[in-house]
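*Asks:* One-letter residues, chain by chain:
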Amino acid sequence: MTTLVVNTLAGEMSQDFRLALGVRTQIASVLPYLYMHNAPAGTFTVSIEADYGTAASKTFDCDDIKAALNTTDDFAHVFYPVVFDDPVQLDAGTYSLKLSASGYSPTGSSFIGWIQQHEDLNMELDYTPLSDSDNPLAFRLKTYKEK
Amino acid sequence: MALTVDFADGFTSASAPDLAGSGQESYVLANNQSSFTNVTGLLFDNTTEKSVFAEYELQRTDSTPSEYRQSGSFIASYDGSAWSIQFGAFVGDEMIADSLTSAYSVQFQMSGGQVQYKTGNMGSGHAGRLAISIVRISA
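Chains A and B are the protein sequences, given in the same order. So in our numbering, the last spot in the first sequence is 147, and the numbers never skip. So in our numbering, the last spot in the second sequence is 286, and the numbers never skip.
Quick caveat, the hints were computed from the structure, so don't treat them as lab data. Please note that a few of the clues may not be correct.
[Unchecked claim] Just the calculated beta-carbon pair ranges, DEER-fashion:
1) A/Asp86 to B/Ser246: 44 to 54 Å
2) A/Asp86 to B/Glu214: 17 to 27 Å
3) B/Gly239 to A/Leu69: 43 to 53 Å
4) B/Gln256 to A/Gln117: 24 to 34 Å
5) B/Ala244 to A/Leu69: 41 to 51 Å
6) A/Gln117 to B/Gly270: 38 to 48 Å
7) A/Lys142 to B/Gln256: 44 to 54 Å
8) B/Ser228 to A/Tyr127: 30 to 40 Å
None of these values were measured; they are calculated from a predicted model. For glycine and all other residues, C-beta sits at the position ideal for the given N, C-alpha and C.
All chains, full assembly: derive it from the sequences and hints.
*Replies:* Given below as structure tokens:
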């Protein structure tokens, strides 16, 4: 049994992250930790937001989530891989990973959520979480590195 | 606040896991909506819930800069044929009204299970948000 702490997606939600390398970081993919409850209709967008605007974005739907898991089940939790169509190179700085939706109407029986996990290298906090519901929205960041 | 989901072993399931707790949800409100329009995503389903309890923060800002904020609670209930919504005691600016008496006013109604709203005209650079912490009582 796994207990997940889930923030339901209504309008949009985002999680800040910091890139601290001395050189530009080339993003291979981002993987938000998503929870799908009864495969709601709608189109979802994952984007990387910078202070100058949107650095990258990609849309998907619940059929894409199912395909990634090779399943027909309507309930799932997954670090969903988002590979942007164009190369994404980011300078050191603070960015925001945003999840938003269109054509989506969450109800108590059908929704998408973003799962919270403890702070790690990707997800810094500037406060001390007092409970699981204070944890950051979880994701993984995959980058290209030169050999 | 967040939901907890008790998920059986594995990453997928054909049946619904048990949910508990409350969800925090955030909705965008546009400026100068003179006709009732949907609060996109704030929808109650009478087949799965009959009563909904929520605490809310209503915020509207513009580039003047002006900022208005009202915090309080509301209850939505299904009586067998229709949904109704009732706002209770609040703290802050009195934004929610039965009609658009001010530029910062917001008016709500139910249309079926859908929450709808109107807003006064606050001007350029408007940002409006209804953030709620909601508990849906299962039918």
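*Asks:* Would you mind marking each hint as holding or not holding in the structure?
*Replies:* Status of the hints after comparison with the structure:
| no. | hint | verdict |
| --- | --- | --- |
| 1 | A/Asp86 to B/Ser246: 44 to 54 Å | holds, 49 Å |
| 2 | A/Asp86 to B/Glu214: 17 to 27 Å | violated, 37 Å |
| 3 | B/Gly239 to A/Leu69: 43 to 53 Å | holds, 44 Å |
| 4 | B/Gln256 to A/Gln117: 24 to 34 Å | violated, 39 Å |
| 5 | B/Ala244 to A/Leu69: 41 to 51 Å | holds, 47 Å |
| 6 | A/Gln117 to B/Gly270: 38 to 48 Å | holds, 41 Å |
| 7 | A/Lys142 to B/Gln256: 44 to 54 Å | holds, 47 Å |
| 8 | B/Ser228 to A/Tyr127: 30 to 40 Å | violated, 46 Å |
Of the numbered hints stated above, those contradicted by the structure are hints 2, 4, 8, listed in ascending order.
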